[in-house]
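Got chain S sorted already, so can you dock chain D onto it with the hints?
So the chains spell out like this:
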Amino acid sequence: MPSHRRPGKGCARAWFPVLFLTLWASSPLAAQAPPPQPPASGVAVTARTPEPGSLILERRPAITVTLEDPQAVLDPKSVAMEVDSADVTLFLKVAPGRVTYVPASDLTPGEHNVKFTAADKTGRAIEPVEWKFKIRRFAAFEEASIGGDLTASLERALRKPIKEPKDDSGVSKKTETPLHLFSGNLRVDGLLKEGDFTAKLNSNVRYVDEFRPRARPKSDKDKLDLANYLITFDRKPLNLEMGDLVVNEGFFGAPNLARRGLQFQANDMDDRGLKLTLFGTRYETIKGHHPFFGVEEDKESLLWGGALTWAPFANRDWLKLHSMNVQGHRFSTAPGANVGTVVSGEEGDLWSFGTTSILFGGRLKLATEVAFSEFDTDTTNEFKEESDKAYRGTIEGMHDVAMLLDSPVTVKLGAEYSYVGFRFRSPANPGLQPDREGYSLKKDTLWKIATLSLGFSAFNDNTDRLDLLPRVRTHSWNTALTLAPPDLPSLVLNYSRSLQRSYYEPEVFGPKRIDNFQNTYGFNTSYGREAWSVNLGGSVNFFHDETLTLQAGDKTTWTATAGMSLKPVQSLSISPSFNFNRIDDKDKVVFLRDNTQVRRRVYGDTLTGTLTLAQEFIPKILNLDIQVSGSSTQSSDDTVDSQTYGGVGRLTWNVGNLFWDWGKQALSLRMNFNRVKDHVIPQDRNEIGIFMIIDLLAPYKL
Amino acid sequence: MTRRRSALLLLVVATLAWGVPPATARPSFALARIELVFQNGRGDITVPLRYPDLRVYATLQFTGAGILRATWKVDGRILATVAEPVVFGEILMFAIPRTVPLPTFEPGLHRVALEVVQPRPAFKLPEITYFVTAEDYEDFKKRMEKLQ
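Line by line, the protein sequences are chains S and D.
In terms of the working numbering, the first sequence opens at residue 1 and continues consecutively.
In terms of the working numbering, the second sequence opens at residue 1 and continues consecutively.
So here's chain S without its partners, still in its complex pose (with noise of 0.2 Å):
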């Protein structure tokens, strides 16, 4: 029989102990009396079932609570039982020495929490006890999911723009407007747990099928992207990535690397001071599905290499020996998905040995770091690879020096110096600048509101010292102050100066070529409150060419930036932004009607607006979307006189799952146009395209 537990009986007349002890409580007596401890009682839980922290596979478990003494008797009104914050005291069944609690229906997996009171006859409390279990889901792992949802976009243009060339214009088509367009991303998450192992998955896959019915020639892009994934097996201390994953070693060789790979890492950093990292990745950044790297077409694209870090010291941050060696080839000429330049197919490899310290809980911060490199920059010549070097320290400290209106006064100082060599390449580092040897200082004072920052710095090129190139220095003085004070406008002031001169030049080139100096001010301030934020910011660079005759080469550039968020009301926010350049061209060479060469003072101006506005008609249902922008170039000289506007609307209803039971759906219409105008070369195109859109949002879990 289950016992009954009645909670509202008796509740009527609980407030009488209450109103008494809270009087007592309150009376000069309380203060000196101990606190009243309720009697033990004498019955004590010796067992429970699932056992605390346990995981198993049952999705409906006896719970049960089992008594010290299995003839003990618990007064049944006060027996009570809460799974997972639920009251399941009614379906309890209280036998002598025992309680127990079957699940009517299924308990989900993971992690469930079961509370337990309950009184022996004489009323007395018996300790109470709390405990967890997990249920897992599948047999072989503790956790194991899979999820994700799914993005579709069906899009069909009611009113087409023309923004294909003609026929006999000899263009291609390629750039013609879609007529329809379906895109659709497949997000896939998923999770497999085992104690201390974890596999994770995190991936979108897209397909994006566009039909433009008179593009020539057509697109030879895949339809179907593995835009993004990347597996991660971890099991402490290995892990193992599969996918877009990011290097990060060294300073000269691998730092913040994004590519496709491999990485597998057993970072034992805290135990034995060791970390191994081993990777091998696709040598350019690349898109589309190639899900691994290694395969036949990947064979001529990648890059490989290994690090291992030492912490000697007890206190791991005190010492950190650092060395690496990576190496690579890509014997095409692509340059990589999202970068642009000329390069050839090239090959290398470099070695690399660091060290980092932090001392005195980070208030001092050393690193140093010496690099080889064996590079050839064109495979297809008979030139083979070239070796350097690169080599840099820094040092970092910071030091409390005062204390002002009870706040702190840090100073924040930095050095580095670093060579890098002639022929210096990494591979694994394909934006780092060859050629380059010098110092920079900084100094940075903090006082809460407050930040001054003062920094100089001096390089030079021509590290070889080859007489048959010029030898150009660079010195740069820069500063600024930042101020944040709390509800007032945050303000940014900077200056800075730099100065260029080649002080080595090669006889057979005559006079100096490089020497320029140049200031620039700036500044720039934001506030905001719950409504609306402004930011304004200006600069003004002025450029002092020496190395020419009069004003020849002398430029001054005024920028000007203006940005604005408004929120009125709840349901509408509108953003517009400015933003203007001037370039004055101090002598410019300009030709007249007659073909003349003059040389004349040049403006070039341009101005740029954009107003992004979101209006929520119906909260969550009905939306408006608007961004247009507008852009003016106009020279003095009238060898520009152009504008471009463009924009898009959209307005969207969020239908639910009207046109069928799965996810959620919006219908939208959009409206594009642009217009490009130029008084230079007479035209005046004028664009417009009306679509109507079907959007899905279909979350699913396996």
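Certain hints may be false.
Said to hold, decoys possible - Label pairs and their in silico Cβ distance ranges:
#: 1; chain 1: S; residue 1: F523; chain 2: D; residue 2: A95; range: 17 to 27 Å
#: 2; chain 1: S; residue 1: D106; chain 2: D; residue 2: Y57; range: 46 to 56 Å
#: 3; chain 1: S; residue 1: Y603; chain 2: D; residue 2: M93; range: 46 to 56 Å
#: 4; chain 1: S; residue 1: P486; chain 2: D; residue 2: A95; range: 21 to 31 Å
#: 5; chain 1: D; residue 1: Q39; chain 2: S; residue 2: R529; range: 20 to 30 Å
No lab work stands behind these hints, which were simulated from the structure alone.
Where a beta carbon is used, it is the ideal one built from N, C-alpha and C, also for glycine.
Okay, now just chain D, sitting in the frame of chain S:
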């Protein structure tokens, strides 16, 4: 930079060989390399609908000195213009201004480009893509909080 050096070296060798001084050896202002990335370090990202913090960053290398003029474009529409003085040997890094948000109110694939007007590039400029899913940013945030 390397190419400039190589070209310069060849020029010097040619000059010495032919005995003709060059008209000018002053390096002309040219774009040598451009790389565009989102905040994930890649040229592709997937974001939820109305995601407010999508940023795009450009890293450019040049030869010579001059003023860079460029335009940020999304799906062919102008969003912002850039005018930045560049000195010899400088690597220029900048992001699209915070005052101009990349539009994320339309589900689907979008293309971002930095159209360099001056100096005129001698190679194809990259175009990077972002996909906006139909999951609303507020729902996305809740899902992420639940996962954590």
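Legend entry - Violated hints, by number in ascending order, as checked against the structure: As far as the earlier hints go, only 3 is violated by this structure.
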